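Engineer: What follows is the residue order along each chain.
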Amino acid sequence: MDFNQFIIMKHELLLTITVMVLLVAELTINDKKRIIPIAISLFGLHTALGFFWNESGALFGGMYQTSELIILMKNILNIGVFIVLLQSANWLRKPENFNKISEYFILLFSTLIGMNFMISSGEFLMFYLGLELATIPMAALVAYNTFNQKSAEAGVKLILSAAFSSGIMLFGISLFYGQFGSTYFQQLSMISMDTPLAILALIFFLSGLSFKISLVPFHLWTADVYEGAPVNITSYLSVISKGAAVFILTILLFTIFRTMVEVWTNIIYIIAILTMTIGNLFAIRQQNIKRFLAFSSIAQAGFILLGIIGTSSLGMATVIYFMLIYIFSNLGAFGVVSVISDYSGKENIDDYNGLYHSNPKLSLVMMLSLFSLAGIPPIAGFFGKFFLFTAAAEQGYYWLVLIAVINATISLYYYLIVVKAMFINKNDTPIAKIKSDNYARFALVICVVGIFIIGFFGSLFEYINHLSFGI
Amino acid sequence: MEFSYTIYIALIPFAVFVINGLFGSKIKESFTGYLGVAGMVVATYLSYFTAYHYFFKVGKAVDGAYQKVIGFNMEWLRFTESLHIDIGVLLDPISVMMLVVITTISLMVHIYSLGYMKGDKGYSRFFAFLSLFTFSMLGLVVATNIFQMYMFWELVGLSSYLLIAHYYQKPSAVAASKKAFIVTRFADLGFLIGILILSYLTGTFDFNILCNPEGPAFMQSSSAVFLGLSTMGWALILIFMGGAGKSAMFPFHIWLPDAMEGPTPVSALIHAATMVVAGVFLIARLFPIFAIVAPNALEVVAVIGGFSSIFAAVIACTQTDIKRILAFSTMSQIGYMMLALGVSGYGAEAGLGFMASMFHLFTHAMFKALLFLGAGAIIHAIHTNNLSEMGNLRKYMPIPHITFLIACLAISGIPPFAGFFSKDEILVAAYNHNQIYFWVEWIVAGLTAFYMFRLYFGIFWGKEKKYDHTPHDAPFSMTFPLIFLAIASAIVGFIPFSNFVTSDGLPFDIQMHWEIALPSIGIAIFGIIVAFVFYKKESDLPNRAVASFGSFYKYALNKFYFDELYLFVARKVIFKRFSSPIAWFDRHIIDATMDGVATITNYIALKIKGLQSGQLQQYASVFVSGVLLLIVIFIYLISV
Numbered sequence: 350m351d352f353n354q355f356i357i358m359k360h361e362l363l364l365t366i367t368v369m370v371l372l373v374a375e376l377t378i379n380d381k382k383r384i385i386p387i388a389i390s391l392f393g394l395h396t397a398l399g400f401f402w403n404e405s406g407a408l409f410g411g412m413y414q415t416s417e418l419i420i421l422m423k424n425i426l427n428i429g430v431f432i433v434l435l436q437s438a439n440w441l442r443k444p445e446n447f448n449k450i451s452e453y454f455i456l457l458f459s460t461l462i463g464m465n466f467m468i469s470s471g472e473f474l475m476f477y478l479g480l481e482l483a484t485i486p487m488a489a490l491v492a493y494n495t496f497n498q499k500s501a502e503a504g505v506k507l508i509l510s511a512a513f514s515s516g517i518m519l520f521g522i523s524l525f526y527g528q529f530g531s532t533y534f535q536q537l538s539m540i541s542m543d544t545p546l547a548i549l550a551l552i553f554f555l556s557g558l559s560f561k562i563s564l565v566p567f568h569l570w571t572a573d574v575y576e577g578a579p580v581n582i583t584s585y586l587s588v589i590s591k592g593a594a595v596f597i598l599t600i601l602l603f604t605i606f607r608t609m610v611e612v613w614t615n616i617i618y619i620i621a622i623l624t625m626t627i628g629n630l631f632a633i634r635q636q637n638i639k640r641f642l643a644f645s646s647i648a649q650a651g652f653i654l655l656g657i658i659g660t661s662s663l664g665m666a667t668v669i670y671f672m673l674i675y676i677f678s679n680l681g682a683f684g685v686v687s688v689i690s691d692y693s694g695k696e697n698i699d700d701y702n703g704l705y706h707s708n709p710k711l712s713l714v715m716m717l718s719l720f721s722l723a724g725i726p727p728i729a730g731f732f733g734k735f736f737l738f739t740a741a742a743e744q745g746y747y748w749l750v751l752i753a754v755i756n757a758t759i760s761l762y763y764y765l766i767v768v769k770a771m772f773i774n775k776n777d778t779p780i781a782k783i784k785s786d787n788y789a790r791f792a793l794v795i796c797v798v799g800i801f802i803i804g805f806f807g808s809l810f811e812y813i814n815h816l817s818f819g820i
Numbered sequence: 062m063e064f065s066y067t068i069y070i071a072l073i074p075f076a077v078f079v080i081n082g083l084f085g086s087k088i089k090e091s092f093t094g095y096l097g098v099a100g101m102v103v104a105t106y107l108s109y110f111t112a113y114h115y116f117f118k119v120g121k122a123v124d125g126a127y128q129k130v131i132g133f134n135m136e137w138l139r140f141t142e143s144l145h146i147d148i149g150v151l152l153d154p155i156s157v158m159m160l161v162v163i164t165t166i167s168l169m170v171h172i173y174s175l176g177y178m179k180g181d182k183g184y185s186r187f188f189a190f191l192s193l194f195t196f197s198m199l200g201l202v203v204a205t206n207i208f209q210m211y212m213f214w215e216l217v218g219l220s221s222y223l224l225i226a227h228y229y230q231k232p233s234a235v236a237a238s239k240k241a242f243i244v245t246r247f248a249d250l251g252f253l254i255g256i257l258i259l260s261y262l263t264g265t266f267d268f269n270i271l272c273n274p275e276g277p278a279f280m281q282s283s284s285a286v287f288l289g290l291s292t293m294g295w296a297l298i299l300i301f302m303g304g305a306g307k308s309a310m311f312p313f314h315i316w317l318p319d320a321m322e323g324p325t326p327v328s329a330l331i332h333a334a335t336m337v338v339a340g341v342f343l344i345a346r347l348f349p350i351f352a353i354v355a356p357n358a359l360e361v362v363a364v365i366g367g368f369s370s371i372f373a374a375v376i377a378c379t380q381t382d383i384k385r386i387l388a389f390s391t392m393s394q395i396g397y398m399m400l401a402l403g404v405s406g407y408g409a410e411a412g413l414g415f416m417a418s419m420f421h422l423f424t425h426a427m428f429k430a431l432l433f434l435g436a437g438a439i440i441h442a443i444h445t446n447n448l449s450e451m452g453n454l455r456k457y458m459p460i461p462h463i464t465f466l467i468a469c470l471a472i473s474g475i476p477p478f479a480g481f482f483s484k485d486e487i488l489v490a491a492y493n494h495n496q497i498y499f500w501v502e503w504i505v506a507g508l509t510a511f512y513m514f515r516l517y518f519g520i521f522w523g524k525e526k527k528y529d530h531t532p533h534d535a536p537f538s539m540t541f542p543l544i545f546l547a548i549a550s551a552i553v554g555f556i557p558f559s560n561f562v563t564s565d566g567l568p569f570d571i572q573m574h575w576e577i578a579l580p581s582i583g584i585a586i587f588g589i590i591v592a593f594v595f596y597k598k599e600s601d602l603p604n605r606a607v608a609s610f611g612s613f614y615k616y617a618l619n620k621f622y623f624d625e626l627y628l629f630v631a632r633k634v635i636f637k638r639f640s641s642p643i644a645w646f647d648r649h650i651i652d653a654t655m656d657g658v659a660t661i662t663n664y665i666a667l668k669i670k671g672l673q674s675g676q677l678q679q680y681a682s683v684f685v686s687g688v689l690l691l692i693v694i695f696i697y698l699i700s701v
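Respectively, the protein sequence lines represent chains A and B.
FYI, the numbering for the first sequence is 350 to 820, going by the working numbering.
FYI, the numbering for the second sequence is 62 to 701, going by the working numbering.
Please note: incorrect hints may appear among the correct ones.
With a straight-line cut-off of 30 Å between C-alpha atoms, the simulated DSS-like cross-links for lysine-lysine are [said to hold, decoys possible]: (1) B:526 with B:597; (2) B:239 with A:769; (3) A:769 with A:782; (4) B:527 with B:231; (5) B:87 with A:710; (6) B:182 with A:710; (7) B:89 with A:710; (8) A:782 with A:382; (9) A:499 with A:381; (10) A:784 with A:499; (11) B:179 with B:231; (12) A:695 with A:775; (13) B:670 with A:769; (14) B:670 with A:499; (15) B:615 with B:524; (16) B:637 with B:239; (17) B:89 with A:782; (18) A:695 with A:782; (19) B:231 with B:89; (20) B:87 with A:775; (21) B:598 with B:620; (22) B:668 with A:695; (23) B:87 with A:784; (24) B:670 with A:695; (25) B:668 with A:769; (26) B:87 with B:231; (27) B:670 with A:775; (28) B:239 with B:615; (29) B:231 with B:620; (30) B:615 with B:527; (31) B:668 with A:499; (32) A:695 with A:381; (33) B:89 with A:784; (34) B:526 with B:456; (35) B:231 with B:182; (36) A:710 with A:784; (37) B:597 with B:620.
For the record, the hints were derived by calculation from the structure and aren't laboratory data.
Small disclaimer: the values here were computed from a predicted structure and weren't measured.
Chain A extracted, bound-state conformation (with noise of 0.2 Å):
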């Protein structure tokens, strides 16, 4: 390999190298809770690193590829993480967890290493490989905190469900092989047809993917692992990889199975009404916020659909600027959940009652990410769902949109409960006044600062046009 190819693989790399120095650091350092800093700088410089210095190329013959679409998509990535990263340390000080901490950051940075294989890759066990690696250290952070039942189970849940969906998925992968003799996309966009056989291997590939970003009804294990696993994680699944998988899944679409269009376009069609429609009638009863977050994402990720579906390039844009928008949107939601969570254990919407009064600014950095994901103007969100619903406008999909629009009404009514809790319900006894950290703060800031300007600018968008293809 010369430097050239190390360049190509850097975000790989670099992360690879990160996780080398914490166990290292791990070793070496007697304060454990100096990991927390030296691991979030690492981090922080690696996003930056991130966008400098890169190319686009492909190695090992084609099994691992990247592009400045790809290189997009990882930084995007990369941002998610950090901010996740920030709002997690404070929990992490706690003495429950002082003894794995490194663990926590080793694990996570593994998980992100599998996405980054899985975007990248340019052939099917390449793809999951990558799907794998991002897959099973996943259910040891969930299970986090070993001695808590729920965490434990959720576990548990992710493993096994998630070993399930891979092994139909896997089985989808084989039939493609068998039909077209070769796992290289590259080969494959070209040479696949819309055969029966070849939509079987579609459909079982699409589920184990739908798994992933949890579309219905392959969604179920979303909400007892959410609330199982500890905030941080919950927010890192929700977002992170999620976004990874919706990433990939765009890019295959697009490619692999353009030939297939017509058929995935119908596919895509039923499961997205499926998924907004349940995700919000799920939504509208939970109590506890993290499962309300969980059903919200649900019901987010089947707006999403709506861009794939649009298969053009503006499609393809939008989908990615909507991704950027729901990290900084969900994440400023969970950042709140989280600081609450830490200092006051507290996770039912019941106790939200009366927020605004002892925490003014935790509520509205909260009524903003909610206003967000509703997509309310002139926050970024709207912009994100506007554009979502234009891309499926635009190749006639009047029907599906006209249900996105009524599944958007009914998912501002359950983001307005939270906000009325905090602002208008009374309460007795309401969380007392919070000190949030240094690090939360931050990452909130971030996120608020984040959804305000990307709906205004509007050349970011113009560079993911740019970058952006359809079929």
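Here the structure of chain A is known, so what remains is to put chain B in place on it, guided by the hints.
Structural biologist: Showing chain B alone in chain A's frame:
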């Protein structure tokens, strides 16, 4: 780009608004005022610099005509290739002139408010909104496209609403702010429809394309005729409706007198010098279309303008609240500007009316702001608006007295003060177009001189009234703007305006038309003499004059009962006949349907909760069923 810095002229007031608005309660109160003034000083400097640069350096790059220059442009929302909304800065003679007017008046009002608002509870809020207004108004005049203009148009309306309701504990102020907002909003509905029709016909929002009526955008414009006017004509009349609303033209004038409930500096800035002339600016901006494509629509502008000017002048003679007199006078003067636009043609000499209108806008801004600020100084000193409670104030307040006198001379059209020159051009343009307009405006000139000097003599001469405490002269922060504006009112008439601002950008020279100027000076002096005789000393002459007018006086005093008429139409006809049935339908049909949907949604949500059992086996079986279902649908039912 040479003019890209012009964006900061608008952005600086915006930044001030954000700082004062967000942190106004945290920082020291007096600091908010100084910050506002400092921001305006920079913005004013920048706009003077722009004006110098534009008029003397680069404006006439081609053919000796002033060009439209795009100083800054940013694509904000892109819907399709042709449909996109930009935000930018368009510089041409009228927008550069407006930049100068707005920043000058706003700076003066900011300085003045330092003294006037001192000790007020909403001090920092006031300055924040003042900056918001300035930002909106600047954004409006530099708009590169009609959509941007519309957005800032509404922002201007919003900030006017916020400022009129500054004393929000006073029910009358709240009512006035609502009235101003609703009336102008109603007119803006016409504006919006007009914009939509216009852009539908031409396929663009861009002023650069719109203002080129020979261009391709107008080639295939529809020739459909509705009620004797082309579609384009209707679009322009609807747009004019929006302008008439903001500029308080008849029949949308009813909000302006009530808007005087706001603090006096606000009246000076918004309801005299800047916002109310937005309507005139709008017509001027779209003037090439009006003049070339739909001269009929322009005739409507002239008629409305002419009628408004005499209508308001008659009412102004009867009012006793000094700010309301000034409000009606504003309406009357804007009527002049509208009329001038309406009688103007396109092109150098034919465009005399256009140039005169802009000239009058410019001079009027100076002396009307001065009148309001002077009135504010008086109200500040003796705490009343009522003319009958004033008298002989000249010995207590020398500077307001002198400056007010200069302003009165200027608005009455006495040479060599500013109003004389601009009004003379308007009268010449009216005379060339149609003599009826000329004679109407000639009478208005006399009425103007009469009611202005009625005000002047009533306040500063006459019998001394009992005051709560001895009236004191205003502080320097208030007298400085008065002196500055008085000097401006005295000299800006000598600016060779036709060399800078013309309908097509080509400068031309104007001559003095003494055969028009002399009669107008004559009637103005006549008006002043009548006022002198009536009001210099207390006498029963005014009452005798009133008696001779009989019930006409009563009608004028009650503003010809337009408020009552509108209230009747709104309450008895619209609310009762239309609104309440619609409200019933909304409550019992629409709401009930929505409630039903909500109930059903909730019910389903409750029922399907069981699907989420927490059992992994069940999750897997749902997963597999989903896969199988998709296979059945897509392989057996569709493909085969």
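Engineer: Given the hinted pair residue 782 (chain A) and residue 382 (chain A), is their Cα-Cα distance within 30 Å?
Structural biologist: Holds, because 25 Å separates the two Cα atoms, which is no more than 30 Å.
Engineer: Holds or violated: residue 598 (chain B) and residue 620 (chain B), Cα atoms, limit 30 Å.
Structural biologist: 27 Å, holds
Engineer: Taking 30 Å as the top limit, are the C-alpha atoms of residue 526 (chain B) and residue 456 (chain B) close enough?
Structural biologist: 13 Å, holds
Engineer: Within 30 Å, alpha carbon to alpha carbon, are residue 87 (chain B) and residue 784 (chain A)?
Structural biologist: Holds, at about 20 Å.
Engineer: Do the alpha carbons of residue 637 (chain B) and residue 239 (chain B) lie within 30 Å of each other, as the hint requires?
Structural biologist: Since the Cα atoms of residue 637 (chain B) and residue 239 (chain B) sit roughly 21 Å apart, the hinted pair holds (cutoff 30 Å).
Engineer: Can you confirm whether the C-alpha distance between residue 89 (chain B) and residue 784 (chain A) stays at or below 30 Å?
Structural biologist: Measuring from Cα to Cα gives roughly 26 Å; hence the hint holds.
Engineer: Need the status of pair residue 499 (chain A), residue 381 (chain A): alpha-carbon distance at most 30 Å?
Structural biologist: This hinted pair holds, its Cα atoms lying about 26 Å apart.
Engineer: Do the alpha carbons of residue 615 (chain B) and residue 527 (chain B) lie within 30 Å of each other, as the hint requires?
Structural biologist: 28 Å, holds
Engineer: For the pair we were handed, residue 87 (chain B) and residue 775 (chain A), check the Cα-Cα distance against 30 Å.
Structural biologist: 28 Å, holds
Engineer: For a C-alpha distance cap of 30 Å, please report whether residue 668 (chain B) and residue 499 (chain A) respect it.
Structural biologist: 25 Å, holds
Engineer: Sort out whether residue 782 (chain A) lies within 30 Å of residue 89 (chain B), counting only the CA atoms.
Structural biologist: 27 Å, holds
Engineer: Does the structure keep residue 668 (chain B) and residue 695 (chain A) at a Cα separation of 30 Å or less?
Structural biologist: Answer holds: residue 668 (chain B) to residue 695 (chain A) is near 27 Å, not above 30 Å.
In this structure, none of the earlier numbered hints is contradicted; all agree with it.
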